[in-house]
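Enquirer: Read off the chains here:
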Amino acid sequence: MIGPIISSGIVSQAWDNIFALILGMGFGFALESSGFSSSRKIIGTFFGYDFVVVKVFFTAAIVASVGLLYLSYFGLLDFSLLYIQPTFLTSAIVGGIIMGIGFAMGGFCPGTSLAACAVGRIDGMVFFGGMFIGVFLFSESFPIFENMYYSGSQGAKMINSAFGISPELFTFFLVLAAVGMFFGAAWVQKKVKKVEY
Amino acid sequence: MERKYTILAVLLIVLALGLVILPKKNDRKETDPKILLSSIAERSRYLTTDQVTHRIIENDPTLLLIDLRSAGQFKAFSLPGAVNILPDSLFSQTNNELLNQSGKDKVFFANSDLEAEKVWLICTRFSVKRIYIMKGGMNEWFNTIIKPTVASATSSSAELDLISFRNAARQFFTGTGQATAQSATSKSPEKVQVVRKAATRSAGGGC
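As you go down the protein sequences, you meet chains U and B in turn.
For the first sequence, this note's numbering assigns the number 197 to the last residue and increments by one with no breaks.
For the second sequence, this note's numbering assigns the number 207 to the last residue and increments by one with no breaks.
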């Protein structure tokens with residue numbers, strides 16, 4: 001058997017939504033059990049008293065990168081069948097800035113706000129409401145932003161090709177950077193006054 | 001950091017290092033010869049210069065133009081948004097990723113069809129998907145889009161539509177409008193000879 005199991009036709013595409021539901025529930029459970037439904041925990045990254053967000057996301061990135069490359073190496077995964085989100089540089093920069101501001105102000109990202117909603121947190125519901133209004137307004141006014149949205153098209157670009165190195169070497173550097181960041185974050189956390197929440 | 005996390009971090013570094021050290025595998029898939037032959041017989045790989053131009057003007061995000069000419073020619077002039085890939089380095093690391101972008105229509109072109117056909121064949125053999133050739137290459141593109149076209153008195157409405165599209169496209173690429181384009185082809189205006197009427201002589205005498 002070779003993955004991805006839906007794109008390669010092993011499992012019918014009709015199962016897409018079922019898998020999405022199961023994976024979504026698993027993701028939501030992981031977010032809640034890591035404490036991501038608390039905006040004060042998430043915002044701790046910006047104040048230096050809690051780096052769990054950075055640690056969790058970096059861990060996910062490096063485990064997935066190393067895992068995918070090994071699966072591909074041993075012939076268990078066809079890399080060419082994986083969907084890679086195309087890069088639109090301008091909208092990525094503008095969207096990144098807006099998302100960053102929203103993240104710092106609200107203490108949630110889209111996924112964690114839903115996790116907060118699910119456990120009944122009012123701040124999470126307010127954040128989700130704001131996000132919904134933002135999505136609605138953007139959709140309705142899309143023709144105004146269309147040119148900007150599609151500008152700077154880079155295709156499905158991989159970051160290692162931008163540096164001109166192999167995916168394996170880039171992953172190695174990424175793991176080194178992540179591990180360095182874990183130690184750095186632990187050191188900063190020791191220096192910063194603890195916040196109880 | 002706790003000891004268990006330190007052990008996990010070291011394990012991840014070792015695994016990542018293993019990826020770098022492991023010998024590289026050549027896992028390029030080759031197309032079945034029968035399928036390759038039937039692909040060669042098909043004409044669906046060709047896109048006209050008008051189709052390509054339309055997609056450039058529309059800013060189609062799924063279009064990836066690949067200029068196969070030399071770096072010097074590419075630098076001198078190429079189609080907007082095109083990337084330069086030399087046939088010698090077709091399957092280098094960076095180019096391989098470009099060619100395997102699943103969401104893109106890769107359109108090859110050179111000065112004529114010859115180079116593009118060769119590259120298309122190699123890519124088809126190695127199972128690269130969604131690849132096309134701009135029929136006639138840059139020469140044809142220049143002849144159809146940049147060179148002015150004048151409608152004849154017997155042109156059909158479809159031909160007139162095509163000519164007006166090409167005029168608009170020319171304006172898009174060069175900033176030159178239809179009037180200038182037509183003036184490039186038309187001869188110098190003929191001198192109008194004014195024939196003056198002879199002054200009428202008033203009738204002598206009278207009643």
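If you are wondering where the hints come from, they were derived from the structure by calculation, not from laboratory data.
These numbers were taken from a predicted model, which means no experiment stands behind them.
Positions of the beta carbon are idealized from the N, C-alpha and C atoms, including for glycine.
Hints may be right or wrong, so weigh each one.
Okay, derived cross-link-like pairs now, DSSO-like style, lysine-lysine, Cα gap no bigger than 30 Å in a straight line [stated by the list, open to error]:
hint, chain 1, residue 1, chain 2, residue 2
1, U, K157, B, K4
2, B, K147, B, K34
3, U, K191, U, K55
4, B, K129, B, K75
5, U, K157, B, K29
6, U, K194, B, K75
7, B, K29, U, K191
8, B, K135, U, K190
9, B, K118, B, K24
10, U, K157, B, K25
11, U, K41, U, K157
Residues of chain B clear of chain U, computed beta-carbon distances all greater than 10 Å [claimed, not checked]:
hint, residue
12, Y5
13, A9
14, A16
15, L17
16, K25
17, R43
18, Q73
19, D88
20, E97
21, S102
22, K104
23, D113
24, V150
25, D161
26, I163
27, F172
Covered by chain U, per the in silico footprint, the following chain B stretches (three or more residues, Cβ under 8 Å) [stated by the list, open to error]:
hint, segment
28, 18-24
29, 31-37
Enquirer: Do the alpha carbons of U:K191 and U:K55 lie within 30 Å of each other, as the hint requires?
Expert: Answer holds: U:K191 to U:K55 is near 18 Å, not above 30 Å.
Enquirer: Far enough from chain U: is every CB of that chain over 10 Å from the CB of B:D88?
Expert: Consistent with the label, B:D88 stays out of reach of chain U, its closest Cβ about 17 Å off (over 10 Å).
Enquirer: Is the nearest CB of chain U more than 10 Å from the CB of B:A9?
Expert: violated, 5 Å
Enquirer: Verify that the Cβ of B:Y5 lies farther than 10 Å from every Cβ atom of chain U, and report whether the claim holds or is violated.
Expert: Violated, since 7 Å does not exceed 10 Å.
Enquirer: For the pair supplied as a hint, B:K118 and B:K24, is the alpha-carbon distance within the 30 Å limit?
Expert: Measuring from Cα to Cα gives roughly 27 Å; hence the hint holds.
Enquirer: Over 10 Å to the closest beta carbon of chain U is the bar; see if B:Q73 clears it.
Expert: It holds; B:Q73 is separated from chain U by about 23 Å at its closest Cβ, greater than 10 Å.
Enquirer: Over 10 Å from every CB of chain U: does B:I163 meet that, or does the non-interface label fail?
Expert: holds, 28 Å
Enquirer: For the segment 31-37 of chain B, do at least 3 residues have a Cβ located nearer than 8 Å to some Cβ of chain U?
Expert: It is violated, with 0 qualifying residues against the three required.
Enquirer: Does U:K157 lie within 30 Å of U:K41 when you go C-alpha to C-alpha?
Expert: violated, 33 Å
Enquirer: When you check the alpha-carbon spacing of U:K194 and B:K75, does it fall within 30 Å?
Expert: violated, 58 Å
Enquirer: Classify the label on B:V150 as holds or violated, using whether its beta-carbon is more than 10 Å from each beta-carbon of chain U.
Expert: holds, 33 Å
Enquirer: A cut-off of 10 Å on Cβ-Cβ distance, and B:A16 was said to be off the interface with chain U. Does that hold?
Expert: Contrary to the label, B:A16 does not stay out of reach of chain U, its closest Cβ about 4 Å off (not over 10 Å).
Hint violations for this structure: numbers 1, 2, 6, 7, 8, 11, 12, 13, 14, 15, 16, 20, 21, 22 and 29, all remaining hints satisfied.
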